[in-house]
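Protein chains in written order, with the numbering used here: chain A, 3 to 117; chain B, 4 to 113.
Among these hints, one or two may not hold up.
[To be verified] Okay, the calculated bits of chain A under chain B, using three or more residues with CB under 8 Å as the criterion:
1. 17-29
2. 41-47
3. 61-71
[As the list claims (entries may be wrong)] Here are the computed lysine-lysine pairs in the DSBU-like style, where the Cα-Cα straight-line distance is at most 35 Å:
4. A:K105 / B:K63
5. B:K55 / A:K59
6. B:K80 / A:K16
7. A:K105 / B:K59
8. A:K59 / B:K71
Just so you know, the hints here were simulated from the structure itself, not pulled from any lab data. All of these numbers come straight from a predicted model, not from anything done at the bench. Backbone N, C-alpha and C define an ideal beta-carbon position, used for all residues, glycine too.
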Amino acid sequence: DTGVSQNPRHKITKRGQNVTFRCDPISEHNRLYWYRQTLGQGPEFLTYFQNEAQLEKSRLLSDRFSAERPKGSFSTLEIQRTEQGDSAMYLCASSLNAGASEKLFFGSGTQLSVL
Amino acid sequence: GDSVTQMEGPVTLSEEAFLTINCTYTATGYPSLFWYVQYPGEGLQLLLKATKADDKGSNKGFEATYRKETTSFHLEKGSVQVSDSAVYFCALNTGNQFYFGTGTSLTVIP
C-alpha cells in the first residue's frame, strides 16, 4: 500500500493556459474522488468515479473542468483556459467500499497557482 | 442540503490542556461521521469515525460521540500535546458523497 499519489505537487501557470493533474489511487480502491480546497476552507467536492464510470459531478463545476479515469485506475483532472479563481489545492482521494463503512484516503494534493 | 458546521478557530492551547472542537451537522437519513486531521505539509488523514447514533469513535487519545438528538460530533482530547498541532476537519458521508467542514486550526504550545 503506497498510498494515494498526486502529480505534480505544484503547478504555476498563466491565465488562459490548460493544466492537467494526475492521481494514482491505492491499487485495489474502486472509488476515486476529486476535491478542491482553498485557504481556510474544507475540501469542496468536484466529482467522483466508481471504477471507470464518473457517477457524479458538482453543480458548481465549470465546463472548463473535465476528469477521466479511463481504465478504472489512475485519473486525470484537466482545467481548460485557467482563471485566477482556479488557484487552489486540488485533492484526490480513494476508497474501497461504498456506504457507511467507506473511508477516504487522501493524497497530498496539487497546488495550482494561476498568474 | 447536507452540511457540516465546525467551530471556528484558530485554537491555541497549552500542552496538557483539554480540547473540545465542536461540530454539528445537517443531513437527511443517517450519515456516517468523521474527523480528519491535516498536519502541516501533509494530506488529510482519517482520525476517527462513527457510523451510527451513540457510537464513539476514538484514536490517539481523541474521542467523538455521534449524538443524533443534538446532531453533533464534537471532538475531545483530555491532554493535548505539541504534536497534535494541526487542522481538524469534521465530515459526514451520506452514502453518496462526503461533506467537510471548514476546518479548525489547533496550535499547542509547550
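Now for the hints, and whether the structure bears them out:
no. : hint           : verdict
1   : 17-29          : violated (count 0)
2   : 41-47          : holds (count 6)
3   : 61-71          : violated (count 0)
4   : A:K105 / B:K63 : 18 Å, holds
5   : B:K55 / A:K59  : 27 Å, holds
6   : B:K80 / A:K16  : 45 Å, violated
7   : A:K105 / B:K59 : 16 Å, holds
8   : A:K59 / B:K71  : 29 Å, holds
The structure fails to meet hints 1, 3 and 6 from the earlier list, while all remaining hints are met.
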